[in-house]
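First to last, the sequence lines map onto chains A and B.
Letter by letter, the first sequence follows residues 1 to 260 of my numbering.
Letter by letter, the second sequence follows residues 1 to 159 of my numbering.
These are calculated hints, taken from the structure and not from any lab test.
This structure is a prediction, so every number in the text was calculated from the model and none was measured.
Partial list, derived from the structure: chain B residues whose beta carbon lies under 7 Å from chain A:
no., residue
1, Trp9
2, Ala13
3, Gly16
4, Tyr19
5, Ser77
6, Pro78
7, Leu83
8, Val84
9, Phe87
10, Ile88
11, Gly93
12, Ser94
13, Tyr97
14, Ile129
15, Ser134
Beta carbons are placed, not taken as given, at the ideal position from N, Cα and C, and that holds for glycine.
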Amino acid sequence: MENSMETFELLDMTTNIGYWMLVHGAEIYRVEESIQRMAAAYGINEIDVFAIPSSLVVSIAQPDGHALTKTKRVLVHDLDFDKVDLLNNLSRQVCRECPGYQWVKQEMQAICNRPVYSFACQVFHFSLISFAFTLFFGGNFRDALFSIGMGALLKLLLSVLSRFQSGVFFTNLTGSFMVAVLAVLGVNISLADNMDKMIIGTLMNLVPGIGVTNSMRDFIAGDLIAGMIKLAEAILIATGIAVGVTLPLAYLRPILEAML
Amino acid sequence: MSEYISVVWAFLASLGFCYIFNIREPKKIFWASLGGGMSWFVYLMFNGWFATDIPQYFIAMAAASLYSEVMARVHKSPATIYLVIAFIPLVPGSGAYYAMEHAINGETDLFLEVGIHTLSIAGALAMGIILVSSLTRIATKYSFYRKMKKRQSTAGGNG
Numbered sequence: 001m002e003n004s005m006e007t008f009e010l011l012d013m014t015t016n017i018g019y020w021m022l023v024h025g026a027e028i029y030r031v032e033e034s035i036q037r038m039a040a041a042y043g044i045n046e047i048d049v050f051a052i053p054s055s056l057v058v059s060i061a062q063p064d065g066h067a068l069t070k071t072k073r074v075l076v077h078d079l080d081f082d083k084v085d086l087l088n089n090l091s092r093q094v095c096r097e098c099p100g101y102q103w104v105k106q107e108m109q110a111i112c113n114r115p116v117y118s119f120a121c122q123v124f125h126f127s128l129i130s131f132a133f134t135l136f137f138g139g140n141f142r143d144a145l146f147s148i149g150m151g152a153l154l155k156l157l158l159s160v161l162s163r164f165q166s167g168v169f170f171t172n173l174t175g176s177f178m179v180a181v182l183a184v185l186g187v188n189i190s191l192a193d194n195m196d197k198m199i200i201g202t203l204m205n206l207v208p209g210i211g212v213t214n215s216m217r218d219f220i221a222g223d224l225i226a227g228m229i230k231l232a233e234a235i236l237i238a239t240g241i242a243v244g245v246t247l248p249l250a251y252l253r254p255i256l257e258a259m260l
Numbered sequence: 001m002s003e004y005i006s007v008v009w010a011f012l013a014s015l016g017f018c019y020i021f022n023i024r025e026p027k028k029i030f031w032a033s034l035g036g037g038m039s040w041f042v043y044l045m046f047n048g049w050f051a052t053d054i055p056q057y058f059i060a061m062a063a064a065s066l067y068s069e070v071m072a073r074v075h076k077s078p079a080t081i082y083l084v085i086a087f088i089p090l091v092p093g094s095g096a097y098y099a100m101e102h103a104i105n106g107e108t109d110l111f112l113e114v115g116i117h118t119l120s121i122a123g124a125l126a127m128g129i130i131l132v133s134s135l136t137r138i139a140t141k142y143s144f145y146r147k148m149k150k151r152q153s154t155a156g157g158n159g
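Construct all of the structure, not just a fragment, from the sequences and the given hints.
Structure below.
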């Protein structure tokens, strides 16, 4: 394969690979290192990359002194480890083989068109997670069966909310509010026994595990701004969940218990 | 022995998360979910060894990080995939819930006790990730440096 590429093509290629990695939830150091190594493979060593979860800036200084810069604003995050994995492999392959611009572009398109699991499949696995975690935290099988329904409804609610692009705080607040209301109702009409286990088990679906893990990995790699942003988002989600659960537990439960 | 049944639930929950995060290869789905079961198994294994469960969480998280780094090398894919899934059963969800429930009931002393315990668990988990990831970063950089040096010296010898 040919070893040459116009500088603007190289800039476009590296920025796009980095952009999609960021969107699908790769760590910051992975994005920055991938871009730098790809550029180095094509013989360009003066390249500056700055990535945070919401933005990506790549700048190449050409030998004649002209600088080319490309900025990408990352507005949506769509966790997808399959694509992170494949993009990571693609960037390694680019470093090894130095392929042409068109070939890389086609490969990128193929990766971006990879399928995601169907909506029904995701609903099923939300239910599976609720079921397993209710038992995990010590609920009985009646609770776990009730949690299956709550998990499915939670996924439906989240998908409706994502259409309106409500922020993470509101989404998680509404989701946990609904789960807590359902659990309080379920226990009071004696469909289930342990309200606490069901709420914890179902809300594990919303817990920002990936945010915390990735922010820790960013902190270690020295990307303090990125780590702070992800940690702040995780804290925001956790606060949303806590507020959403508090309202039904504090106000709905006493009323229902007085009535029934 | 009956407490070890929760390892199965941890495995199933991790399996669900593999589908939420769109991991598509069956091989990777299996090994990632196994990481979730494994991290909870390690946690249970150290039951009763320490005065509190915080060191247990630290050890389990360190084991999960190590597992994910090994799996990343074996399957040639980013370690985060395995780490995020293996981390899931260790999330202190119940601590956070009970702390909040105590806060609603106005039991401030219990709220503080459970809340601080939950925060300590979160800290222990973070330390577990930080320890192993830092060590692997150093190891990777060291082996890369040695490889480069070896290549230079052999190139010099031939020339």
